[in-house]
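First to last, the sequence lines map onto chains A and B.
Under the working numbering, think of the first position of the first sequence as 1, with each following residue one higher.
Under the working numbering, think of the first position of the second sequence as 1001, with each following residue one higher.
The hints are simulated quantities; they were obtained by calculation from the structure and are not laboratory data.
C-beta atoms are modelled at their ideal positions from N, C-alpha and C, and glycine is treated no differently.
Treat the hints loosely; a few may be bogus.
If you want a taste of the chain A side facing chain B, the calculated C-beta under 7 angstroms gives, among others [what the hints assert, rightly or not]: (1) Arg414; (2) Asn429; (3) Leu430; (4) Pro544; (5) Met723; (6) Gly728.
Here are the computed lysine-lysine pairs in the DSS-like style, where the Cα-Cα straight-line distance is at most 25 angstroms [as the list claims (entries may be wrong)]: (7) B/Lys1007 to B/Lys1223; (8) A/Lys13 to A/Lys719; (9) B/Lys1152 to A/Lys718; (10) A/Lys415 to B/Lys1152; (11) B/Lys1223 to A/Lys736; (12) A/Lys2 to A/Lys16.
Here's the letter readout for the chains.
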Amino acid sequence: MKMTTRIAFDNMKYHKSRNILIGIAIVLTTMLLFVVPTVGRGMVKLQYAVTDRLYPAWHALYRNVDEDTARKLAAHHDISKVGLRGDAGYMSLDEASVGLLYVDETGMELYKMELAEGDFPKQEDEIVVSPGILNELGQQGDIGDRITVPYQIDRGGGLDYTQQKEFRICGFFEDSETNHEKRMYTALISEAFLKNEIPEDEIAYRFLFQISDADRPTTDEIEDRIEDIAGQFGIPEDDININEEYLEANYVDPSMLPILVLLMVIIVLAGVITVYSIYYVSMNQRIQEFGRMKAIGATKRQVRQIVLREGLCIAAFAVPAGLLIGTFISRAVMKVFVNFKGPEESSIYMDTGREIFEAGEVSLWCWWVYLLAAAVTVCTVYFSLVRPMHVAAKVSEVEAMRMQNAGRKQKSRRKGFEFLTIARLTRRNLTENKKKSAVTILAMAVTGVFLMVVATVLACADPKESANSSIVGQYEISPIVERGNKEHPEREWSEIQKDNPLNETLKQQIEALPGVEKVDVFSTAKISGGTFTEEEGESLNGIPPEYASELEKGITKGKVTYEELKSGDKVILDRALLHWHPELDVGDKLNLTIRDGERTFEKEVEIAAIGNYGSGMTNYNYLIMAKEAVDRMSEYNSSKFFHVFADKDYDPALEKELMELVNASGRIQMQTWQDMFEQWNSFTPLTAGACYAFLGILAAISVMNLINTMINSVHVRKKELGMLQAIGMSDSQLMKMLQLEGLFYTAGTLVISVGLGSLAGYPVFLYARESGLMEIRNYHYPVTAAVAVSAVLLLLQIVLAVGIGRSVRKNTLIERIRFSE
Amino acid sequence: MKMDSSKILAVEDLVKYYGAGENLVRAVDHTSLQIERGAFTAIVGRSGSGKSTLLHLIGGLDRPDEGKVWIEGKDIFSLKDDRLAEFRRKKIGFIFQDYNLIPSLNVWENIVLPLGLDNRRVKREDVREVLEKIGLADKAETMPNALSGGQKQRTAIARALVTHPAIILADEPTGNLDSQTELEVMSLMKNCVEDFGQTLVMITHDETIAQMADRVIEIADGKVVSD
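Isolated chain A, as found in the complex (with noise of 0.2 angstroms):
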């Protein structure tokens, strides 16, 4: 071994307790460098196995293509696979949706769908069903026999009146799980069935494609080349329908790596940081031992190899650790978000990851990980020596034997104290060291500001107030709206407004309900013309005057009073629209189609302001208006929501006669701000809880700093701790001596923590509700966080006192005294 490495490894073993908490930095380091790329690679891998099982293998879809433009789409040399899907209709159903579709062979591989058992059908009155449709339809038949199917053929948007015909199954579908719970199928028609029921120009189909992919392009690409191909065939982009969720799934996304080198930025700089402090707090009681072998004759680089190669041994022991312990932990992380249980919607996909993830399909680690954090650690361990290798090799040899503080000025004179007290020997102590105590503290408070933002933020997503915002009172009622259904007319919103179920008999009776404090009523008037399409159903939502100051706080520019949006002329805009139509602004007019039953008016109304309101209040509708003008406009009742208020949040027997009126009315639906949180509520907890304990490893490794600092400043005054104990120190003086150090070390974090991290929450937190993250709204400061930050702060300064003076007292005064190395 050469002789620098020899006693670079013997320097490890003679300095272990500092080298145990450098090492200790070093293997929450390495954990945490493994964990996070390995548990985002993990739930990267999870999520795009569950997608390549659930999702379409479609790259895209090109909406309302004729035959003949699929056929020369299908020729074009960037496209490698080709489906073609036309969709005839629904089967006439009161509580089921069947719809009839026309798929080729290709698209059914694109679409995943596989027949169980039978055939693709060929012949005009050729059906595949599923044991679900027959049942829905309340008949019975094998393969061969003849069902009567009632069905509305699809008409440019609507539906057709019912007609009835028989078809022969040839084959069959397996029903799924969710089949069954949403009542929602599909069956297979012949093309010869499209064809006879929809004239040949008419029938608008959906080209299902695969974009060739011999040179691995990344999503960006590929997304690039599916809008390009659209643009030469003329296809809008409305028309265009990326599979992102699959490309996502099956090719790089660049935007999710950024995310990824972030955090491990910030794990890097929390272990630069800590490592760098503790070498540089320790420095100053080495200064002699490399004096002296500077005296001996080693030269400046073998002083340098002995300090880069002693952090490189304990790197040695301490990266594969950290690396074993990773493993297990990242595995241990993965259960924790894979077993979460997640809002309904998703649970099909919460339970085909946990179903994947339990068969250990996919695998969790991966070599180049592993490699990837031992290389991480190793630069971080390396950065951090830069310094203190370049101070010890200036270490100059006379200097350093003669001098028992060598290498630090010092004053020659300084007034003093008249007569001293502990508090005033501590404050001597730490202002003799402001650079050592500057460096621990600061050290500490990074963590500790990064952890007070990162809580505020979460603080402020509290599940009950983003349930406040997307819902107005307990519960919202509103009519059950539906455009072009030829078989169900009376839902077209025009209909629906002259005979509207949202009418004075109904709020009476909800009035009525016990629990209930009262009703609000928002009305809508639906709106085309100037920037917005038919097809956006834009509205006017107008507001009662219970929310004019509401209205008038969220206001984020311009300028207007609920008096004025009375008159119809002023609209305020939410700030959510700006996301389809950036081009709006304050003062711009909008000449708007205004169509109220049969008859549609124009309308000029001016952009008053714009707003920032949740979308319980807007239900993304994004003009505002004043509820009395809306209803101005109407000859009917344009009545769209009733909030519901009760003197709970959750009431079971009131949302049961809600419930109740619901169903017997069959044409108005109800959401719950019960259903509201508890969406939140299962989301926030994980969020917060993955955020700690990320945040509780980075506090963790920056403890060690706290521990160096406070064991080193005993360690190097150990004989003057001695000293002051044999002219007539007690113990308890000692020990309350110590504890006012640690306090001060505490102090000076929690004050800067605390302090700074909660002036830059502030700003954090209006950057969030302005990007609408997790409905943020209001701001609460982290007290749970800041409580907790300054409990476990003390708890750990006493233990650390404590453990301390025990360890001091583990020598007798005697060798305290004697003690000089």
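Starting from the structure of chain A, add chain B where the hints point.
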């Protein structure tokens, strides 16, 4: 043990061994002695004779295996650690070979430190008087790193004197000094002890220095061999 009121210190059958078996060191081996109030006593012996251990035991810095030490009639080892520390700061002044000043405190602060630990009020005049006496009146604000060896030791002497202890224990106080300074420091110590009427017990391996004392006790292998 009955203690004569003229005696300030009594050591009775003191034993302190280190190690075991072949490595057993009898640092202090059944030693007894008494010291008169106001006397200047030198304990001499070769290196390893056990004189430092004896001094540390007398000062309550270490606890014996057997035996007792009385200072002003108090059995010091009957005291618990905290009480013993308190006793030390009130009744005993220490002067060490390597001065043991606190590097972050200036001369004045180093001197008043034992008073601070004892929550005693600092009488400015008293401290100034001591400073005058040791010839460091103009160095009150100087930090230890800017002092010479002799000045450091004089500061340590002042620190030992300022609490008016019952007894001052000096462990080779001139061991790190050149002969000129050695003499200066010794005279200073002797004068102070006389002026302030204090008892001084000093250990040294230097026979000439020992001759300045009123009484010389010789120690060898942990035992008193001559008095």
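Right, here's what the structure says about each hint:
no. : hint                   : verdict
1   : Arg414                 : holds, 6 angstroms
2   : Asn429                 : holds, 6 angstroms
3   : Leu430                 : violated, 9 angstroms
4   : Pro544                 : violated, 72 angstroms
5   : Met723                 : holds, 4 angstroms
6   : Gly728                 : holds, 2 angstroms
7   : B/Lys1007 to B/Lys1223 : holds, 21 angstroms
8   : A/Lys13 to A/Lys719    : holds, 22 angstroms
9   : B/Lys1152 to A/Lys718  : holds, 20 angstroms
10  : A/Lys415 to B/Lys1152  : holds, 18 angstroms
11  : B/Lys1223 to A/Lys736  : violated, 40 angstroms
12  : A/Lys2 to A/Lys16      : holds, 21 angstroms
Hint violations for this structure: numbers 3, 4, 11, all remaining hints satisfied.
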